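Enquirer: Per this note's numbering, the very first residue in the first sequence carries number 13; after that it's consecutive.
Simulated from the structure, these hints should not be mistaken for laboratory data. Predicted, not measured: the structure shown is a model, and the values here were computed from it. Hints should not be assumed to be uniformly reliable.
[What the hints assert, rightly or not] Cross-link-like lysine to aspartate or glutamate pairs, in silico, EDC-like; alpha carbons within 16 angstroms at most:
1) Lys123 <-> Glu343
2) Lys212 <-> Asp270
3) Lys89 <-> Glu57
4) Lys441 <-> Asp176
5) Lys387 <-> Glu265
6) Lys426 <-> Asp155
7) Lys174 <-> Asp304
[Claimed, not checked] Quick list of simulated restraints, FRET-style, between CB atoms:
8) Glu125 <-> Arg440: 31 to 41 angstroms
9) Leu116 <-> Asp38: 19 to 29 angstroms
10) Asp65 <-> Lys242: 41 to 51 angstroms
11) Glu51 <-> Thr281: 46 to 56 angstroms
12) Glu51 <-> Lys242: 38 to 48 angstroms
We treat Cβ as the ideally placed atom computed from N, Cα and C, and that holds for glycine.
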Amino acid sequence: MLDIQFIRNNPDLVSEKSMQKGYVVDIQQLLGFDKERRELMQRVEELRRSRNDLNEHTKGQKPNEEQISKGRELRDKVADLEHKLTAIEKEYDILLKAVPNMPLADVPVGKSENDNQEVKKIGEASSFNFEAKTHWQIGEARDWIDKERAGKVSGSRFVYLKGDLVILQFAIIQYVLSKLTDAGFLDQVIRLNNLKISNKPFQPILPPYVVRTDVYDAMDRLEPRDDRYKLDQDQLWLQGSAEHVLGSMHINEELRYDDLPLRYLGYATSFRREAGNYGKDSEGIFRMHQFDKLEMESFTDENTGLEEHKFLIAIQEQLMQNLGIPYRLLEKCTADIGKPNAKGVDIDAWLPGQGNYRETHTADYMTDYQSRRLKTRVKTNTGTKLVHTNDATAFALGRTMIAIIENFQTAEGKVNIPEALQPYMGGRKQI
RNA sequence: GGAAGGGUGUCCGAGCGGUUUAAGGAACUGGUCUUGAAAACCAGCAUGCCAGCAAUGGUAUCGUGGGUUCGAAUCCCACCCCUUCCGCCA
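Can you build the whole structure from these sequences, using the hints too?
Expert: Next up, the structure:
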């Protein structure tokens, strides 16, 4: 949620920037409700004041008849206006919540993800002296991917991952855990990228997988609901990303300044209904209803939020480079960064089997947009402030394994293991 | 599933119709003292919203929402959540 003060002071800017993100919000109507709300509020508060004054005078003693009837009169007037105020606040709230976060000045303006700007390409696109296979060709041949049986048991877009692929997934997890909990590794990333930021290690987290409706909504990740799995009996939702349960961890909390930055590395099996994506990426395991993901989430103050964003991206890149996966980095345009975002990047890995770059990572900087509704604050010497939130994929396991399979495949249909992962694979160099 | 207890400020915790501008601790901030620190002592210390250039003033907030009352943290109703015990269970 945006600060209403900001909207009042910059109505045209807010309209324009919202439009750039593809959100049509009627700022004039919002400000109209705001004005009405404030006027009503003043009248209500004036009445409440008279009521409080009356109570002040009758404190500790029985009020007389005149005071009682005056009190009754005030009570009815207050109640009447309060009802009107509540009604307007409801409308006001809906509109205010509909306003997206403002993109930072350097976010490219665009109409769709096609307008995302390529920042750089890292790594040579793998070349083979044979025809590259897709991950599903290899995966099925090696009996690593079994969608047929998963279809019988669970339906489409579910999979049984089997054998060495499972070993590989756990190796990646172990690898990332060891790196992100190591201040030395973080120091190296900071140095290489000339960042001015703490090297505080990430705390590994296994979060709950279900979220309450109000908390999900406060994160501004409940929508689109069609893409969420709902547990109807309990008014709970299955999270669609560890971000949803990590970012909301400190809802209604006041953090200590000295504890910042709070950095979490969450591992979660995430669930998405993929509504509206029927037929898209139906082959392989690129787009599943259920997938495992390692996610970074951090809470900082307003001064270090942007630097933290850069830091998380730098970590993503370092991890990709350490595995030797070719990728490109995209600065997401206004249309693609998402409602709560002020800025964001995607990393697309090169997938030789498909001859294309495909999204494997995202990094999102939300400024104080999420924390305003979550009421996640930090106490500083100059007062209590809203924290800034950042989230970024460490590795989406499924898609990372796709990239490994396709980039490091051999003519025999085997897969070489990146050196960095070998210690976590019992020293094996190939599967 | 059965039963009981409980949700109060950053935290702990008292209050259970009108001396509450929410007691008392702790933490935190500043100061005194000290070679420095600790301790002790002194002082300060919630947030949102509204008005105002500001100083400041007003108002709301004791899980949430309704209700009773001239007046609600306190009484009533509904809901949410947490804890404990029993049962079942990985």
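Enquirer: Each hint should be assessed against the structure and marked as holding or not.
Expert: Consistency of the hints with the structure:
1. Lys123 <-> Glu343: 14 angstroms, holds
2. Lys212 <-> Asp270: 12 angstroms, holds
3. Lys89 <-> Glu57: Judged against 16 angstroms, a Cα distance of about 11 angstroms means the pair holds.
4. Lys441 <-> Asp176: Holds. Lys441 to Asp176 sits at ~12 angstroms (cutoff 16 angstroms).
5. Lys387 <-> Glu265: 7 angstroms, holds
6. Lys426 <-> Asp155: Status holds; Cα separation ~12 angstroms.
7. Lys174 <-> Asp304: 14 angstroms, holds
8. Glu125 <-> Arg440: 31 to 41 angstroms: Because 38 angstroms falls inside the window, the suggested range holds.
9. Leu116 <-> Asp38: 19 to 29 angstroms: 24 angstroms, holds
10. Asp65 <-> Lys242: 41 to 51 angstroms: Between Asp65 and Lys242, where Cβ atoms are some 50 angstroms apart, the hint holds.
11. Glu51 <-> Thr281: 46 to 56 angstroms: 50 angstroms, holds
12. Glu51 <-> Lys242: 38 to 48 angstroms: 40 angstroms, holds
Taken one by one, the earlier hints all hold for this structure without exception.
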